[in-house]
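Hey, can you work out the whole structure from these sequences and the hints?
Residue numbers (our numbering), protein chains in the order written: chain D, 1 to 309; chain L, 1 to 427; chain G, 1 to 285.
Check each hint, because a few of them may be wrong.
[Stated by the list, open to error] With the Cβ distance kept under 10 Å, some of the chain G side facing chain D (calculated, not the full set):
id : residue
1  : G31
2  : I59
3  : A61
4  : P63
5  : T64
6  : L65
7  : I69
8  : V243
9  : A257
Rather than coming from a laboratory, the hints here were simulated on the basis of the structure.
Think of the CB as a built atom: it goes at the ideal place given N, C-alpha and C, for glycine as much as any other residue.
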Amino acid sequence: MLNQSTVGVGQKPRAWDRLSISTKQIVWAWTFLAVPILFFSVVRFYPTAEAFYLSLTDWDFLRPASFIGLENYRTLLADPLFWQVFRNTFTYLLIGTPISIVLSFVIAYYLDRIEFGHAFIRALYFLPFLTTAAAMAWVWRWFYQPPPIGIINSLLGMFGLPAQPFLRSVDQGLPAIMATAIWAGLGFQIIIFLAGLRAIPATYHEAARVDGLGEFAILRKITLPLLKPTTIFLVVFSSIGFLRIFDQVYNMTSNDPGGPLNTTKPLVLMIYQTAFSSYQMGYASAQTVVLFLILFAISMGQLWILRSR
Amino acid sequence: MLHASTRGLFSSVKMLSAGALALGLLAAHPASAVEIEYWQYVFESRVKAMDELIKEFQAENPGITVKQVTFPYADYQTRVVAAKAAGKGPDVVQLFYGWLDNFVAGGLVQPLSKEKFPAATIEKDFFPIVSAMKRGNDYYGLPTAVRSMALFYNKNLFKAAGLDPNKPPQTLDELLKAAQATTKRDSAGNFQTAGIAFDIARQDHNWWREILVRQFGGAPYSADGTKVAYDSEAGRKALEFYTGLQTKEKVGREGFMDEGQAAFRGGLAAMVIDGTFRLASFNTISGFEWGVAELPAAADGTRSNYASYFANAIGGTAKGEKLEAAQKFLAFITSEKAMNVWLEKVGELPARKTVALSEKNLANPIYGPFIRGLNYAHTTLFVDEAAQRQISIDMVNSVLLQGTSASAALSAAAVKEQQLIDKRKAN
Amino acid sequence: MTTAPASIVTAATKYRFRPGLIVAWTLLFIGGIIMVTPLIFMFSTSLKSAGQIYDLRLIPASPTLDNYIRVLSDGRFVRWFLNSSLIAVVVTVSCLFFDSLVAYTLAKFNFAGRKVIFLAILSTLMIPTEMLVIPWYLMSSKLGWLDSYWGIMFPGMMTAFGVFLMRQFFETVPNDFLEAARVDGLNEFQIWWKIAMPLVTPALSALAIFTFLGNWTAFFWPLIVTTDKDLYTLPVGLSSFAVEQSIQWEMIMTGAAIATIPTLLIFLFFQRYIVRGVMLGGVKG
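Given below as structure tokens:
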């Protein structure tokens, strides 16, 4: 039945039967791939090309777009806000990634050695990964409030420490938001590290011990090198996550998005505001191209490291 | 033969039914049936009030039917633009006064007929802020209702601080004194109750721009709105006064309880400056009694207020009998009768002086202060409300958070805003 | 698949017991408690009345479900909850079907262009969603997809990640199995559906977890494509609700709890599968 309905448009079963097995396979393959190829062309490739094209226009929703060459890129490079946002984005990435990688490795390293309550403790670390960032951003926003309502400040007060402004500070705002992103992603990274650690055969460790290596030497000479692929994967995964940070910032600073004084604004929030608050679609497209280039560089870097291994 | 006769039969049936249809239409709409579309954004009380007005209008004008079309606020401008591109825009459309330049540039609205809506009559009957709808000699729209600002105060906290809950502050000095009396801090210096709730992103930027700057002797912009004028002695004093309330007098702090109105709502701030649109939310407060006062005057008695409104304009594509019907409808929804309906159903202030300044309205303890404010209110000729607001937010934050001097912050903001205005005017 | 036998190796066979582990255990336990503190506070506050929310007690003095009743009774949250569920389920089913169909074809069929198509699909992993939203928005407004379920769902109906993940697993399916089925007279679709798919269920469950979670928590695209409150997903609805509620924290915490409860419940019931699925997806993907 399926033969006829998916392949045999006007073909008699006999004609189909005459085809060789490999020809049949080819027909089947393209039948299976038809809808997905259409999907990837229309929903991935065409929009990508269109984004590049739009970045060369001044399209603003009101008036028809006209081609303006590299003007948007020139504006972007001359825009101090862009450079601030660029710095912010890389601060999220370059501080957030190492912290979360080191933390999750240390936790996974010790968690791996624990039998008693292993699953329970692992679950405690993993649960935040299952939460909705937009929802938890509000919980954290409440935690960061000034006295008398902020929980962290109440705790500080209990220990006689001065209240901190957190989200209302040009210095503490970004780290405060970054902490929530680290918190949410930690569980995933721990699980992946655990999988990597468990994949290292126990015999390696035993052999090393027989050779008289200490725990630290084993860690440095055996565990870490063997975990390299896992670590690279997590570094790339986490970097991309921080590069695209949006939900937390949008929800935690909704009074003054990306504020105060743009000190917490990441690239994606700038794109969102340019496109969907100011309707400068062409300019926003140029910003998305920059985001693409950064991501492309990171992906290429990953491939390069993996190849040179 | 058979063919020919059946075809003939069919065509006569067709003609007959067409005639019947026409007759039926004529019977339903004795004059000429014109349908026009009215567009506004979704807000329950506004939509209901408009439904009521449309019903009355149709009863008075049997030849016209009005269809109300609504869109979510966030999507509203985009929808109007998209409809224009598709050649099927609204006949009467509601727009925020600050969007007018964009709407005119996109051909989304057309100027009002000078015969049907003479400028002299408009300027005589409406509050002066209506001039924000004027470009050159043309008016592009008229408001039904307007919003203004006032001082909300918590009567319970006033009483607790030994102040008379029926004598809210009248001047900036009294405002400061009342704030000092109601502010409470714990031993570590953290606020327990703020005298004033500050929120630059909500209404404080308007308070600073259109009110404080004027009260300290300046003006925020040149008369035609093309030049930023607040980078002056008056602007600096106004900014120092505003930020000084937080840094020097410490009667409140931006970000206390997250949002200014939340602090007031929660009973943790004695005063807040906000607009008519906040009434609906504050009306649900049950924990304490609150009152409304006119915005405090300067020492020399100078008063000012900021008013804004949604105006009704005629769509760029309306012409012929639709245009005529649209003009009738526009006149109706900006009539005295419509304004009274709007005040009652939506709680927004009438845009015509005679309606707003009735004895009953002036004596109303809630509406009174807002309406009195309209007499001396200004509107800002925004080219991009969100961007200009952001510039003010950043100016205040750089003083509060980075310790920038008021004059430096002011100059930086003025330069940025001037660039923005120039860029938008050049388009 | 390779990780499964390795994970049978227990900690005891790999490491010697040392007293330092007790210290490690204690520290890990404290750290774990800190990790769930925000969740605990969220739930505990959602059970407090407005007057009690600023006392820091973990267990409410007089717990009440009033907030839940208030939040749920206005109907919008129920609607957003159903929207999110519908969208996450439909997109997940679509991904499971199409991603594995494509992956199977690329892994087990011989035809010219196979490599090119795989690389082309794989290359879309490098395109950030943020780059596509403006063209998607334009496309949606032209085709009338703004403010529709389809508009929210269409970008995620197939994913390169899923194709990549599933392909690795289909490659481990022995060809003999498929050959035997062919001899039995099954057609290619039936072979995929009845023979190959059951052999990769662990991978399917991993893909299902990632896709469902990703769509349940998705914020950026739904925020852009919907303006009609009736079509909001739970995260977008919660965000607008929080602003609208004039920052009433007990209400916001209740809303956040409602958005979080489903994924936590699913985790509690399927903990074993989810952890294994995440390991599989993370290691192979």
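So, G/P63 near chain D? Judge it on the closest CB pair being under 10 Å.
-> At 18 Å from the nearest chain D Cβ, G/P63 fails the 10 Å test, so the hint is violated.
Closest C-beta approach of G/A257 to chain D relative to 10 Å, hint status | holds, 8 Å
So, G/I69 near chain D? Judge it on the closest CB pair being under 10 Å.
-> Since the shortest Cβ distance to chain D is 19 Å, the answer is violated.
Identify whether the interface hint at G/A61 stands, where standing means a beta carbon of chain D within less than 10 Å of its own.
-> violated, 17 Å
Grab the minimum C-beta distance from G/G31 to chain D and call the hint holds if it beats 10 Å, violated otherwise.
-> Holds. Min distance 7 Å.
Chain D contact restraint on G/L65 - CB to CB distance below 10 Å = Hint violated; G/L65 Cβ to chain D Cβ min 19 Å, cut 10 Å.
Hint validity - G/I59 Cβ closer than 10 Å to any chain D Cβ | violated, 15 Å
Quick one, is the G/T64 hint okay against chain D at 10 Å, beta carbons?
-> Check failed: Cβ of G/T64 comes no nearer than 19 Å to chain D, outside 10 Å.
Chain D contact restraint for G/V243 - C-beta distance below 10 Å = holds, 6 Å
Consistency note: the structure conflicts with the earlier hints numbered 2, 3, 4, 5, 6, 7.
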